[in-house]
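These protein sequences, in sequence, are chains A and B. Counting along the first sequence from 1, when you hit position 110 you're at 110 in our numbering, and nothing is skipped either side. Adding 1000 to a residue's 1-based position in the second sequence gives its number in our numbering.
Wrong hints could be hidden among the right ones.
What the hints assert, rightly or not - Pairs of lysine-lysine residues, derived as DSSO-like cross-links and limited to a Cα-Cα distance of at most 30 angstroms, are as follows:
(1) A/LYS225 to A/LYS60
(2) A/LYS232 to A/LYS60
(3) A/LYS195 to B/LYS1045
(4) A/LYS195 to B/LYS1048
(5) B/LYS1045 to B/LYS1055
(6) A/LYS234 to A/LYS60
(7) B/LYS1009 to A/LYS225
(8) A/LYS195 to B/LYS1055
Bear in mind the hints are in silico, worked out from the structure with no lab data behind them.
If you want the building blocks of each chain, they are given just below.
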Amino acid sequence: MGLLVSLLLLLAAAPAHAMHISEGILPLDWAALWFVLAAPFVVAGVRQLNRLSHGDLSFKPLVGLMAAVVFIISCMPVPVPTAGTCSHPCGTGIAAILVGPLVSVVISTVALLIQALVMAHGGLSTLGADIVSMGVVGSFAGWGAFRALRSAGLGLGPAAFAAGVATDWATYLTTSFELASGIRGSEPLIPLVTKIVLAFVPTQLPLGLLEGAMTAGMVTLLARKRPDLLVKMKLMTIREVSGHA
Amino acid sequence: MPDRKRRLKILLLHAILLPTLLYVYSFFTLAPKTWTGVDEAVVEKVAKEHGREAKPPLVNTDQGDLLLFVFLAGGAVGGFVAGYFWRQLIGEKKGPKG
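Only chain A is shown next, with the shape it has when bound in the complex (with noise of 0.2 angstroms):
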């Protein structure tokens, strides 16, 4: 059944690009202006995974894997059939909750960056913005969301979900935020925000279930398949290991 509903997917998949905004949409200042907020982001990431790879060797496979996963998921077009449209996942849910936000910021430049040398998947001038969206926002939404309901008491699974529909949806809210601020003119910005968002939501809407349920399944097949990796990086604690057990 599972084969059988991904080959109708696969069949029906088109190319697709999503939140990474295009060459040439933004205005130049805007575009710098994101840049310039993302890189103490990427600086600070880069650092924290210098300082966490230095303590445990493990840690930078952990990445590589986790920006192999993020750089799939975010050119992986799904059709979405209440909008007629393709759009993809962020997957920075995911890492920032295994190797943690600032960490993820790193891994979505990679990723961002590959996607837009060699895919034509986003710009190189709009990488700032798309940095912004799916890096920084997508992930500490995500991050904030699976921590702040972990410490309500909540199960690794719903907490997991939430956090990928908070990353998805809190990505292209940032997104239609860029776009508008960066193409208004003379427009009021709230009320182009509020278009560009209707517009993303039949799309994004039960995209971002889709992310949530993504999420908390790879969350949940890892603390069975692996919970020392979660006990490592503090996800859990290791008398609930031994009452998955």
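Chain A is fixed; fit chain B onto it per the hints.
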């Protein structure tokens, strides 16, 4: 009887899954959808309304088999670099000489 209960469960599962699959299939095949990406359907459309149009990418790999070559070259270079720096990458410490 547990066997009867199991059979009923399987029947119920099929009663739900098969119509759902047919419904999804009809969406994908019968509905007049173009499956364009939301960047085209939303981002570029709204930008065009406000006088901004997408420019061709600075690095255009959409020419024949160029993208395949780029991936091949990237894989070869990445593989070489990863192999050359393998010990640093996996964190293997240099042992004492001799």
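Each hint, compared with the structure:
| no. | hint | verdict |
| --- | --- | --- |
| 1 | A/LYS225 to A/LYS60 | 20 angstroms, holds |
| 2 | A/LYS232 to A/LYS60 | 14 angstroms, holds |
| 3 | A/LYS195 to B/LYS1045 | 12 angstroms, holds |
| 4 | A/LYS195 to B/LYS1048 | 14 angstroms, holds |
| 5 | B/LYS1045 to B/LYS1055 | 13 angstroms, holds |
| 6 | A/LYS234 to A/LYS60 | 17 angstroms, holds |
| 7 | B/LYS1009 to A/LYS225 | 28 angstroms, holds |
| 8 | A/LYS195 to B/LYS1055 | 23 angstroms, holds |
Of the hints listed earlier, there is not a single one the structure fails to meet.
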